[in-house]
Amino acid sequence: MIRLQTAPIETAELIAAVRGDGDGAVALFLGTVRNLNRERRVLYLEYQSYEGMAESELERIVHEATGKFTISRVAVIHRTGRVEIGEASVGIAVSAPHRAPALEACRFVIDTLKCTVPIWKREHFEGGAVWIEGPEGPPPPGS
Amino acid sequence: MIRLQTAPIETAELIAAVRGDGDGAVALFLGTVRNLNRERRVLYLEYQSYEGMAESELERIVHEATGKFTISRVAVIHRTGRVEIGEASVGIAVSAPHRAPALEACRFVIDTLKCTVPIWKREHFEGGAVWIEGPEGPPPPGS
Amino acid sequence: MKLRVRFFASLTDLTGTVSEEIEIAEGADVAQLWTALAERHAGLRGMDYRPMVACDRVYASWSTPLAGVAEVAFLPPVSGG
Amino acid sequence: MKLRVRFFASLTDLTGTVSEEIEIAEGADVAQLWTALAERHAGLRGMDYRPMVACDRVYASWSTPLAGVAEVAFLPPVSGG
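Protein chains in written order, with numbering that gives the first Met the number 0: chain A, 0 to 142; chain B, 0 to 142; chain C, 0 to 80; chain D, 0 to 80.
Derived by calculation from the structure, the hints in this document are not laboratory data.
Quick reminder that beta carbons are idealized off the backbone N, C-alpha and C, glycines included.
Possibly wrong hints are sitting among the right ones.
Unchecked claim - Which residues of chain A face chain B? A few of them, derived with a C-beta cut under 10 Å, are:
1. M0
2. I1
3. P7
4. T10
5. A16
6. A24
7. T31
8. R37
9. R39
10. E58
11. G80
12. I84
13. T111
14. R121
15. E122
16. E125
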């Protein structure tokens, strides 16, 4: 299961989507919105995604994880729009026969998601808002 | 929160027990009962614990994890008595400002729990039951 | 040929738009498209990095030819999770 | 002095009990207690490994003296999780 949604993430749904009777482990990761970022008080975050491409990049990551680790199923839900402090912006569940690959694949999916999936967050604070963007690439040609 | 219980584990309770507004990550691990073990069809498991000592060993592990990793809170629930196929026998939740220590501490807690916490499982299968016990130590003195 | 261009995150602030159509020469590549866009949008000319690019929702490079492409998206460093 | 002894997992099958009281000499250690238990329970004599031991719910060693200890537990290799 891969989904972008504006509604809050239900962890029970993520777990139910991956759980199987042959599995001995389920690893779950939730990225949650912090009330502080770089010592600035955050009011809420707002997520923008490139619809269609975000889902297909997530599919690619899940496919890569399934090839790399001995796991059974992966489910990923990412919020879009406004996400409040303390809420989960992303939830990842991985099931596997044994615990080590479940936890390692969960780590791989969140790490890769943060590098490649076209989703951006805008941080809203008292008096303004800024786009938070990852480490920058090389300058544009001719600049 | 550290608890042994006969009732099914509610993951929402584990997550609520650790989540804080300053945290950016929650890692959760569920150990679930497999329907097959060493190619034998399992009917259900039965967990026995050394009450009092199991909890204090878990406290010790949580304390060690909190010293070792930059994490906020840890919650552990382990079932005792009969646990059905597909149900979680153990649930561990760890919150942290950042994702890497949350996932690493979760791994540390389950790995250490499996080595030191006085809990044993008895596997029930068609026609019998056996105690599952970890790797054995040296022979008793004088044997 | 006609293309749809999409901007995301800070690029929408720099261009004042999330999406626009542009007419570009047959045989142009992504770098040439960017040059044309920078002529339209002063905000893009001051950028100190080159964004990632996707052609029809698949990551591409700045030398990717645009023949047969319907939608090009410029993607600032992502920050999901 | 009087002690409570607890057995777990396969040790309950080998001894036929989960708990019993035993009278042991002042100054005895865990290893001496085990020898006394093995005299009572034939099942313990055939064991090919030495279980872990806890004194008053804290891991101890086979040379731990039993003075002041109320409860000794013998613990097969654990298998929780």
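Here's how the hints hold up against the structure:
{"no.": "1", "hint": "M0", "result": "17 Å, violated"}
{"no.": "2", "hint": "I1", "result": "19 Å, violated"}
{"no.": "3", "hint": "P7", "result": "12 Å, violated"}
{"no.": "4", "hint": "T10", "result": "6 Å, holds"}
{"no.": "5", "hint": "A16", "result": "13 Å, violated"}
{"no.": "6", "hint": "A24", "result": "6 Å, holds"}
{"no.": "7", "hint": "T31", "result": "6 Å, holds"}
{"no.": "8", "hint": "R37", "result": "12 Å, violated"}
{"no.": "9", "hint": "R39", "result": "13 Å, violated"}
{"no.": "10", "hint": "E58", "result": "22 Å, violated"}
{"no.": "11", "hint": "G80", "result": "19 Å, violated"}
{"no.": "12", "hint": "I84", "result": "5 Å, holds"}
{"no.": "13", "hint": "T111", "result": "12 Å, violated"}
{"no.": "14", "hint": "R121", "result": "16 Å, violated"}
{"no.": "15", "hint": "E122", "result": "13 Å, violated"}
{"no.": "16", "hint": "E125", "result": "16 Å, violated"}
Checked against the numbered hints listed earlier, the structure breaks hints 1, 2, 3, 5, 8, 9, 10, 11, 13, 14, 15, 16; every other hint is satisfied.
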